[in-house]
Amino acid sequence: MSLDIDSHIRHSTRHIGRSVPRREDRGPLTGRGRYVADIKIVGMLEVVLVRSIEAHARIVSIDTSEALAVEGVQAVFTAADLADVKTFPDYIPYIGPVKQRPLAEDRVRYVGAPYAAVVAVDRYIAEDAAALVAAGTTYEPLPTVADLDQALAPGAPTLHDHWESNYSFDVATHKPEVDHAFEQADHTFSETYVSQRQTGLPMETRGVVADITDGTLTVWSSTQSPHMVRSTVALMLGMPEPQVRVVHPTIGGGFGTKTHIYPEDIVVPWIARRLDQPARWIEDRMENLVASVHAREQRHDVEVAYDDDGTIRGVRCASMLDMGSGEIFMPGTAPVFVTNACITGGYDFPNMQARTIGVVTNKTPAGAYRGFGIPEGAFVMERIIDRVARLTGTDRVELRRRMLVRPGQTPYVMHGGGRLDSGSHTESFERALEMAQPALERARARYAGDPDVRVGVGFSNYVEPTSPSYHLTTGHWGGGDAATVRVDPDGSVRVAAGLSAIGQGAETTAAQLAADALGVSPENVTVVLGDTERAPYGLGSWGSRGAMMLTGSVLLASERLMDKARAIAAHMLEAAEADIVLTDGAFHVAGSDQPSVSWAEVGTAAWIRYVDLPDGMEPGLETSGYFHPENLQHQLDDTGKINAAASWSNGAHIGVVSVRVSTGEVRIEDYVVVHDCGTVINPALVEGQVHGGVAQGIAGAMYEHFQYDPDTANPRFASFMDYLVPTCAEVPRMEVDHFESPAPEQPLGVKGCGEGGTVGPPAVVAGAVSDALSEWGVDLTECPVTPVAVRAAIRSAGAAGAGAAGAGS
Amino acid sequence: MTIREPTSEVDVEISINGRRHRHRVPARLLLSDYIRDTVGLTGTHLGCEHGYCGACTVIVDGDAVRSCLMLAAQVDGAEVRTVEDLAPAGSDSLSPMQQAFHDNHALQCGFCTAGFLMTLESVDPGDWTGRERIVELLSGNLCRCTGYQNIVDAVTEAWSAYHGSGGSNDG
Chain A
1 MSLDIDSHIR HSTRHIGRSV PRREDRGPLT GRGRYVADIK IVGMLEVVLV RSIEAHARIV
61 SIDTSEALAV EGVQAVFTAA DLADVKTFPD YIPYIGPVKQ RPLAEDRVRY VGAPYAAVVA
121 VDRYIAEDAA ALVAAGTTYE PLPTVADLDQ ALAPGAPTLH DHWESNYSFD VATHKPEVDH
181 AFEQADHTFS ETYVSQRQTG LPMETRGVVA DITDGTLTVW SSTQSPHMVR STVALMLGMP
241 EPQVRVVHPT IGGGFGTKTH IYPEDIVVPW IARRLDQPAR WIEDRMENLV ASVHAREQRH
301 DVEVAYDDDG TIRGVRCASM LDMGSGEIFM PGTAPVFVTN ACITGGYDFP NMQARTIGVV
361 TNKTPAGAYR GFGIPEGAFV MERIIDRVAR LTGTDRVELR RRMLVRPGQT PYVMHGGGRL
421 DSGSHTESFE RALEMAQPAL ERARARYAGD PDVRVGVGFS NYVEPTSPSY HLTTGHWGGG
481 DAATVRVDPD GSVRVAAGLS AIGQGAETTA AQLAADALGV SPENVTVVLG DTERAPYGLG
541 SWGSRGAMML TGSVLLASER LMDKARAIAA HMLEAAEADI VLTDGAFHVA GSDQPSVSWA
601 EVGTAAWIRY VDLPDGMEPG LETSGYFHPE NLQHQLDDTG KINAAASWSN GAHIGVVSVR
661 VSTGEVRIED YVVVHDCGTV INPALVEGQV HGGVAQGIAG AMYEHFQYDP DTANPRFASF
721 MDYLVPTCAE VPRMEVDHFE SPAPEQPLGV KGCGEGGTVG PPAVVAGAVS DALSEWGVDL
781 TECPVTPVAV RAAIRSAGAA GAGAAGAGS
Chain B
1001 MTIREPTSEV DVEISINGRR HRHRVPARLL LSDYIRDTVG LTGTHLGCEH GYCGACTVIV
1061 DGDAVRSCLM LAAQVDGAEV RTVEDLAPAG SDSLSPMQQA FHDNHALQCG FCTAGFLMTL
1121 ESVDPGDWTG RERIVELLSG NLCRCTGYQN IVDAVTEAWS AYHGSGGSND G
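Respectively, the protein sequence lines represent chains A and B. Numbered as in our numbering, the first sequence ends at 809 without a single skipped number. Numbered as in our numbering, the second sequence ends at 1171 without a single skipped number.
Calculated from the structure, these hints are not laboratory results. A quick note: this is a predicted structure, and the numbers were derived from the prediction, not measured. One should not assume that every hint holds.
Interface residues of chain A toward chain B, partial, derived using beta-carbon atoms under 7 Å [to be verified]:
id: 1; residue: Ala-684
id: 2; residue: Gly-688
id: 3; residue: His-691
Beta-carbon label-pair distances, calculated as ranges [claimed, not checked]:
id: 4; chain 1: A; residue 1: Thr-712; chain 2: B; residue 2: Gln-1074; range: 54 to 64 Å
id: 5; chain 1: A; residue 1: Leu-724; chain 2: B; residue 2: Glu-1009; range: 35 to 45 Å
id: 6; chain 1: A; residue 1: His-476; chain 2: B; residue 2: Arg-1020; range: 21 to 31 Å
Glycine residues also receive a C-beta, built at the ideal position from the N, C-alpha and C atoms.
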């Protein structure tokens, strides 16, 4: 694939690069969107799942008789009824297999684990009956492990019988050069950095509707990956894939949580088949908080070797992921590998030695959340740099400047094999510094007269791997995607792709691409996404892959279509193919004033008026393209390295905060983002992705935290009253600027942009608050940075004396 | 006051978007479920069902309410408005606020949008001048996609006529 945009683009008025208004808006704006909970089918039954209230227990018995006696209840199913359903596949060879069944069989391992399904004529009745099933359940409680230390303690109870311990995996690299760095360095220090448990929390919870008609099972699922749901449903229910159709209706946000294939994706279709009646399950928010994946709970035990001049010589990092019970498909293992792969961010820092560990605990299974491990690592690296700067008296900005990947240094191979194909690592930081300087001065002036307030600044220079391989995550799927492009007899264009529309504007993007590739207006392009029956196999929307996958697959299919269209037009114009040009939406003979041939005439010839086709040409005007980035690696190479992403975006975040010392209140005064995702297809959509990502990053930096009782592993959250999602009063205004460093190996130079926004804020906020409170020696090592945490840090740092931070060897 | 069993039924007569509906409904039926399932207007969304996220906001007799915190029986005789009532009837055009949301990319997945629009519809813009007041007004509605910036910008733009040039002050 070439970078030559003009070779791909035929439209005289280019739509790529413009903020074409979104075609997705009208439905939600007028109340005519069609989300999964809006689907109604005659005779549709309501399913409510009964979930464990114990964090770890044997299920001794389930008495369903009272529930079945409730008027309107149609059935109650438990694991025994689903004996004919296969277990979720354990595709990844190096992690402990969990042999997960859709409903827990005789043992539950987290509060929220589903073990029975009640089916009734309406939701209210189903909820009543579910309460009776819960009351009729006898548990034999087992000892729990609520965190990493408990799970790994000698003699700890194990979650999975066939495992020897609660380790799911432990993968270490060893680099002699890092040992050497530690021997040579002036100083070392050790620290533990912690990232807390959070979740993506889309405003729409999950939901599944299933119906059987003429032997075909149709599943409407609020999923980011319909084809993967189809393959898994077919496998587990023992059905041929063509008899399973999975459709995602309008999706109310996903953020990674809807990439997984959940028990309900299997149970609800099974119920529809069993009862031969449509059925639906809509997750409520209280379920959602325990039954949809959590993420980001990691601990990083770090050793750092550094010199007096601030040079960081080497880092050893053992990253440990709390996987919850591990009972989720796909497993939630991959983010911690991404953490270690991306930990060095935009810095030229090869001397990193990583150990990557996954541990199961009696908590909700961990999985994907926008950022997918990147924020956790970025936090560690920036905290290390700030610590070394402080210990050595080096300027924090200068130290970063010394370390950043410089212009001309790309392609740059990171310590784990990630290949920064292009980027603006230094330029983005410099631009962000320019933008932040007035903000810092404003904040200092604003609080100059307030002795209770300190102002600080924090930094993050990160990379965002985009369009990744899914092989390491799933052990099964790869990393390509397909599109089909068709021109109908009336000249209308239809694009169908395996990508999913999850609110990010994928339909608008696909229309822009096809419009420019075929020389038509976006209004003439119909886009079909997220329906396994109408679109070719694709892996859906995750991993910031939509922009690149759509670009690759739509352009590939469009070029093939253009070849045929040009041949038809040449025949109709009685000219040589080489002389045919496409301008203003019609085919002409170059340099001639002959009448033109429109797309409608070409489409009509191809489908209907065969007399207008060249002799022997096969009719039809529909082509497909399957795009697989050539540079994408799916397996480790001989040296244990991998470039598991097709391209790497980058960014610099700087935040200015004020901290009220007496209360610990933190206010983000200004937040600056400089972002580089290569060629931008739609600037408004990219900026929207940045805004939303930063808001979620700030949520993790300052507010959101799933806490569990250490003695019982019971969740200490049940609603939005305990899990604090930021409102517009908490999220600051952001100032965003862009660089465009085209991806040299990708069509149009496009990179992904979906996740980068989430990466910076934890590092930025912790760095800025530590900076603001430097006179107390505060050096934060975990988030969320709540008022309580800030006050505790001031007190403990104060108690240890102002020299607490000078503890390096 | 009569205490009823939750499953006993009551007769209600409710005007929704100017149309009169008569139903016999369970006494415990939430207004949100009544609007969505009984009447069939699914533009009102359920984001939390505990009164926090604001996605299900509708207008009852002029006031914004969370329809997941009210029973259908409570609005017997009331006038209810939902998001379906905002765009001018019988045309393809949008209301000025809907248009401003579209123009400012103030929605992504769109699930929370109806709640924001109904909160905004329920107030007199003249009472909410300036960015800080707009933020205060919208702080009861959660959005997970946009980071709120474009929503606040959209409102500022849509209400600029009420607020004059002072409406766009940063704060």
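Quick rundown of the hints versus the structure:
no. : hint                                : verdict
1   : Ala-684                             : holds (5 Å)
2   : Gly-688                             : holds (5 Å)
3   : His-691                             : holds (3 Å)
4   : Thr-712/A to Gln-1074/B: 54 to 64 Å : violated (38 Å)
5   : Leu-724/A to Glu-1009/B: 35 to 45 Å : holds (39 Å)
6   : His-476/A to Arg-1020/B: 21 to 31 Å : violated (55 Å)
When each numbered hint is compared with the structure, violations occur for hints 4 and 6.
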